[in-house]
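Asks: Below, each chain spelled out in residue letters.
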Amino acid sequence: MAALEELEREYEKAKRDAKFQRRLDELLQTYAGRPTALSFAQRLTQKLGGAKIYLKREDLLHTGAHKINNCLGQALLVERMRKRRVIAETGAGQHGVATATVCALLGFECVVYMGTEDMQRQELNVFRMRLLGAEVRGVESGSRTLKDAINEAMRDWVTNVRTTHYLLGSVLGAHPYPTMVRDFHRVIGREARAQILKAEGKLPAAVIACVGGGSNAIGIFTEFLKDEKVRLIGVEAGGRGEGLGEHAARFRGGSPGVLQGTYSYVLQDSAGQIANTHSVSAGLDYPSIGPEHAALRDAGRAEYVPASDAEALEATTLLARTEGIIPALESAHAVAEVVKRVPKMKKSDVVLVNISGRGDKDIGILRENLRLD
Amino acid sequence: MPLSFYKKPALVVYVTCGDPDLATTRAVVLSAIAAGADVIELGVPFSDPVADGPVIQRASERALKHGTCLAQVLTLAAEVRQHAQSTGLIVFSYLNPILRMGMEKFCMVARHAGVDGVLVTDLPVEEAGEYMQAMKAHDLAPVFLAAPTSPDTRVQRIAQASRGFVYAVSRTGVTGVRQKLADDARKLVRRLRRVTKLPIAVGFGISNAEQFAEVGKFADAVVVGSAIVETIERNPGREAVAVGEFVRKLTVGRLNLD
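Listed in order, the protein sequences are those of chains S and V. Its first residue numbered 1, the first sequence is counted upward by one per residue in our numbering. Its first residue numbered 1, the second sequence is counted upward by one per residue in our numbering.
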């Protein structure tokens, strides 16, 4: 608790500190590559024959996903707190790579916890982290995925809390993480809203993003919350079936509970044990969801739908062949929802999709599943 | 109420219920009590034990493999209570299984089973308003954990919210056996004494008679968890006997102030 309070204090101070904001903005521009482009998906729009589709290109950021926004923000806080050791969890490896990157940039010691199941399916990112100087520690417990990596990172943090910052990678965990991580990603929606107004002269009818913990989604949603006519749609991992353990659709199969310091919707059994999850995408393979998404859903401001493994894989190929963009399997879930929804919309409507990351890391899984060779 | 600390120091024994099965847990608990344990912490296995080290993680996995749940732990508590009227019984759980059962129902069943107190590892005192009301309404003692890193204001709040005793965590980190105990524990107990008259139990990392005696010099009670669970793990088929022997060795030379 003491460390969370320290972090909250430091974050509140930093938020009001113009110098901190300037430094962060500068790194986002000159290092991460912001602002990211908004691309009109012309051929995909033609093919689906409905609303105009725009892609927010977080896949173009340094390290290949939106995760770097939050990592740079927290890394600057680590500097302010005068800590030298950073730990993180990672599922798909995108957050781990982004953390290893900012640690290399600022000279911090870096340890990344990753479930051994995820290490296998995201082998390339494991190597990238090691190349960047991070130590990757495999986690053998539980389902050997993201949830278990977070458990292990939390155990490390409570043990080494005096010297170590836990650079949590999603809008999860205890306060202030969900708020802070959201704030560092708000830049996505801020840019996208201005860009789409400039391109189309109007707001989109819908904003669509995939939701694991929910950081890229909350990052693009937040700026549109006040625009009540804009539908906000989060896409969860529908996995390979509807039974408990076959998916990670918390709003379909979950109920309120507490996991890892967060009260939210949780996939659990009747005795309150956390369920195993399945998704083809490691980044969505998590039994709980950021608490702000739960609040948005309960308030009726945002809606959440599942996309299955098969739909995500199909959407990956579709986006690759119509737009020349290979999305991360996570982001492909958002594209899968576009495929279902857009044909039913008016041609005059505009849809904004967050392409939260690029798919290079998934080549192994794609190759196995798509059998193109 | 059986949460009394007549012996110096009192011994609090933790077990993960259902490891390897509930019948064994029951035998282990009764054997520990016969050998000198004063308070038993009945650990509810949880799928994601973030506060626990590898020993209790493994025990939890073993217990969950055959579906041990909170309701069964409460039934076990009632059975133990029938055989041991003067032993303190604490349910030691993560929050989610309790939420899933329902706080009211949990308190009612626990009280009825003869449970004295409850420790919820992942419920910080700052978020515990509703829980404390329910505990109070059912005459259950909420026990909170104080850590060496807790600032004075927080230590005070934890002491004020706790009933029965306060649990002082001997060092930062997760549960598990350690060779050397840090100075942290002694300092924390001193800080707690300034703000509470409640007995103070020190736990995390204590595994042998030497450490037990050392901590007993400044704490009212000593919690032994991972070392007990490890004894169970290493003695398949003779868990209860082994734990009884372990407890007797641990407490040899202890003063009885009863």
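I should point out that these hints are in silico values taken from the structure, not numbers from a laboratory. Check before you lean on any hint, since a few could be wrong.
Unchecked claim - Partner residues are not named here, just some residues of chain S that face chain V (Cβ under 8 Å, in silico):
no.	residue
1	1
2	18
3	147
4	151
5	257
Stated by the list, open to error - Covered by chain S, according to a simulated footprint, are these stretches of chain V (three or more residues, beta-carbon under 8 Å):
no.	region
6	9-17
7	205-218
All values reported here derive from a predicted model rather than from experimental measurement. Heads up, the beta-carbon is just placed ideally off N, CA and C, and yes, glycines get one too.
Asks: Compare the structure with each hint and give your call.
Replies: Each hint, compared with the structure:
no. : hint    : verdict
1   : 1       : holds (5 Å)
2   : 18      : violated (30 Å)
3   : 147     : holds (7 Å)
4   : 151     : holds (5 Å)
5   : 257     : holds (5 Å)
6   : 9-17    : violated (count 0)
7   : 205-218 : violated (count 0)
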